[in-house]
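Q: The task is simple: from the sequences and hints, build the whole structure.
Numbering (my numbering), first residue to last: 345 to 626.
Hints are supplied without guarantee of correctness; some may be wrong.
Unchecked claim - Computed spacing ranges between beta-carbons, pair by pair:
| # | residue 1 | residue 2 | range |
| --- | --- | --- | --- |
| 1 | E450 | P609 | 40 to 48 Å |
| 2 | P609 | R572 | 17 to 25 Å |
| 3 | Q568 | E446 | 34 to 42 Å |
| 4 | E579 | S613 | 16 to 24 Å |
| 5 | R454 | E594 | 17 to 25 Å |
| 6 | D488 | R549 | 36 to 44 Å |
| 7 | R425 | P618 | 27 to 35 Å |
No lab work stands behind these hints, which were simulated from the structure alone.
Remember, predicted model here, so these are calculated numbers, not experimental data.
Here a beta-carbon is modelled for each residue, glycine too, at the ideal position from N, C-alpha and C.
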Amino acid sequence: MRNWVEGIRQWAHAQGPPSEPVIGLALGGGFARGIAHLGVLRVFEQHRIPVGRIAGVSAGAIVAAAYASGASVEEIAEAARSMRFKDVARWGISLLGLVGSERMAEFLKRLLKVCCFEDMRIPLAVVATDLRTGQPVVFRGRGDVLLPIRASCSYPGLFRPVRCGGHHLVDGAMTMEVPAAAVRALGATQVVSVVLPMNGEFDPRNMLQVVNRCFQIMQRRTEQEWRRASNVVIEPDVRGMTWDGFESAERLIERGEKAALAALPRILSWLERPVGAGRTAA
345 MRNWVEGIRQ WAHAQGPPSE PVIGLALGGG FARGIAHLGV LRVFEQHRIP
395 VGRIAGVSAG AIVAAAYASG ASVEEIAEAA RSMRFKDVAR WGISLLGLVG
445 SERMAEFLKR LLKVCCFEDM RIPLAVVATD LRTGQPVVFR GRGDVLLPIR
495 ASCSYPGLFR PVRCGGHHLV DGAMTMEVPA AAVRALGATQ VVSVVLPMNG
545 EFDPRNMLQV VNRCFQIMQR RTEQEWRRAS NVVIEPDVRG MTWDGFESAE
595 RLIERGEKAA LAALPRILSW LERPVGAGRT AA
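A: What follows is the structure, encoded as structure tokens:
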């Protein structure tokens, strides 16, 4: 991973310093709880904060790709309100997982305005994890975006891995919980990372909750790496929200807005703008 990050940094340096900050958004995973990212994007739009680069893993990859393609926050929110698990998954037990993600491709085709990286309105990166190497795989630049998103959302044990070029790819959050390094490698000079915190102590009631909790514990041990690559970290309070709680879409968006507003003064300082300046009418 360090090699490709260093390569992109050298390329960006060769282009010369930007005339103003390039703000990048790094959106973490969380399945339905990823709807909270829309609250962050809504605050950015209301205060005319330009998103120059964007990257996502898992649910964050869906939101990042939709926004980068030109879909509005309200269009994405409308899809989120009506979305259900069956829209993106089909139960079919196999040795590698409980459900397939083929249905997700059709859902994404309806949501995204364009489906290739080179056509995106905002430079985009989508992160998956290679089971063979144990390393992150960062998709960007050119090519189809649908398969990378499906791979990035393939939560181990639940979704079957996605095959790509002879490799089995799974959830990007396994190796890059929040893709701060990926969005910085795209050329962002200021990185805003959005992480959806794990729930507090609880007693798991089923196998998926056990697996989910184990991954959350693992990710907590490695979070310092992405935090070091971030300038600002936004943490919407999504505790108590279930992984498949699509019916809580409005509350999730509100939590995202509240957390983004708390970080607003720091972000606006990069643009030398006071809070309230440039805000659009609600």
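Q: Are there hints from earlier that the structure breaks, and if so, what are their numbers?
A: As far as the earlier hints go, not one is violated by this structure.
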